[in-house]
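Let the sequences and hints guide you as you build the complete structure.
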Amino acid sequence: MPPYILITLVCLAEVFSLLGIATFPSLQSILVDSWSLTNTDVGWINGIYFLGYLVFVPILVSLTDRLSPKLIFLTGTIIAAGSGFGFAYLGQGFWSAMFFRFLAGVGLAGTYMPGLKMLTDQLESLNPSGEHSRAIAFYTASFGVGSALSYFIAGETERFFGWENAFLISSIGAMFAFIIVLCAVPRVNLLSNVKSSHFLDFRPIVRNPEIMGYVFAYAIHNFELFAYRSWVVSYLLFVASMSPASAIGISATLIAAATNIVGLPSSVIGNELARRLGRHRVITAVMLLSAVLACFLGLAALLPFWLVITFCILYGITVTGESSSITAGVVAASQFEYKGATMAVYSSIGFVGSFLGPLFFGIMLDISSMIGFESKTIWPWVLAFSMTGLIASLGPVGLAIARSARKNNL
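All the letters of the sequence shown, read from the start, carry residue numbers 4 to 413 under the numbering used here.
Keep in mind that the hints were calculated from the coordinates and are not lab data. If you're wondering where the values come from, they're calculated on a predicted model, not measured in any experiment. Where a beta carbon is used, it is the ideal one built from N, C-alpha and C, also for glycine. Treat the hints with caution; some may be incorrect.
To be verified - What follows is a list of derived Cβ distance ranges for each label pair:
id: 1; residue 1: Pro6; residue 2: Arg279; range: 38 to 48 Å
id: 2; residue 1: Ser407; residue 2: Met178; range: 40 to 50 Å
id: 3; residue 1: Leu280; residue 2: Phe164; range: 42 to 52 Å
id: 4; residue 1: Ile370; residue 2: Met178; range: 34 to 44 Å
id: 5; residue 1: Met373; residue 2: Ser39; range: 15 to 25 Å
id: 6; residue 1: Phe97; residue 2: Ile272; range: 39 to 49 Å
id: 7; residue 1: Ser246; residue 2: Asp36; range: 13 to 23 Å
id: 8; residue 1: Gly281; residue 2: Trp98; range: 47 to 57 Å
id: 9; residue 1: Phe164; residue 2: Ser39; range: 16 to 26 Å
id: 10; residue 1: Ile62; residue 2: Glu127; range: 15 to 25 Å
id: 11; residue 1: Pro6; residue 2: Pro307; range: 41 to 51 Å
This is the structure:
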């Protein structure tokens, strides 16, 4: 199979598998009213998705060094489909939402990084000496495409058919991903080169400061990214309610989809710039710019709605612009025989940020009212976005660690 067809198929399967990632964030404003949820409750439900991911990703991704990544990916799609069906038919409040979103996160653990391992194994079987950072960039960027479609499909489905059917559609997407990988992606065996080691022995990875530098940067990146993606629809609805006359008649979920879809070109272009100008330099610049925009976004609620949309799109560019470069960096720094274990550490620690980001943002919104800010003013959003930006500014610390370790090894 030609590499470009393989890359296209795997990326398409990834997109379909992700149709459930933003279903709850897209519909949380509706469910807040129906289920009497607080902002902290919403933060927990958004965060528990990534807790499910980080609990199971060390096991599932490490297994890709011993079992076929294709098999693990297929298992992940089945779990993802089951979580969507369960939420649609059995979701009745906070605890049922927590359970099924946790299960959805387990499905993500079985598809996202195992899918990347499946792709890189396939490419290495075709060209063992090749440089695959572009393929990694397209795969990583496809995460944004899947997220964008998730926002759009959830919002439009709810508008015409109700929120339950939005979760059903996400399950159908996971089933499509299952069919694509089962029927079109060949199975390769690159397991014979794996060194004899204990399962879940991550010591060789944790002792590598270059890899751990990228892991820290990835955790900060995910903290910022998923805090934003979990709350952007609610933020846009709040801004529209502040000045109904300036609203332009476009649904908040469609705008959120647009801010995610720009992640595809920005992530790919960011990787190309990193190849030419230096990976660490580009990642550092993008992360700092993104942190500055995050601090500004809360205050932007005072601006006309079309300007708020513009800044959200700009933020969507910067918040994803370094993603592919960080992932390509950790793949390049890993040893082949420990690549699955490396991606397990990278994903599990990195997605601690994904769990904490949405929860932290919701807590900041609730704390702001406790310290005297009116909930209907911009100040809760100013506090939440500013604190998120402050934490995002720590990302370059990880890059400095990775850069120092690489220089010492040269």
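Status of the hints after comparison with the structure:
1. Pro6 <-> Arg279: 38 to 48 Å: violated (22 Å)
2. Ser407 <-> Met178: 40 to 50 Å: For Ser407 and Met178 the Cβ distance comes to about 46 Å; the hint holds.
3. Leu280 <-> Phe164: 42 to 52 Å: holds (47 Å)
4. Ile370 <-> Met178: 34 to 44 Å: holds (41 Å)
5. Met373 <-> Ser39: 15 to 25 Å: With Cβ atoms ~19 Å apart, the hint holds.
6. Phe97 <-> Ile272: 39 to 49 Å: holds (40 Å)
7. Ser246 <-> Asp36: 13 to 23 Å: holds (22 Å)
8. Gly281 <-> Trp98: 47 to 57 Å: The hint (47 to 57 Å, Cβ to Cβ) holds, given that Gly281 and Trp98 are roughly 48 Å apart.
9. Phe164 <-> Ser39: 16 to 26 Å: holds (24 Å)
10. Ile62 <-> Glu127: 15 to 25 Å: holds (23 Å)
11. Pro6 <-> Pro307: 41 to 51 Å: With Cβ atoms ~46 Å apart, the hint holds.
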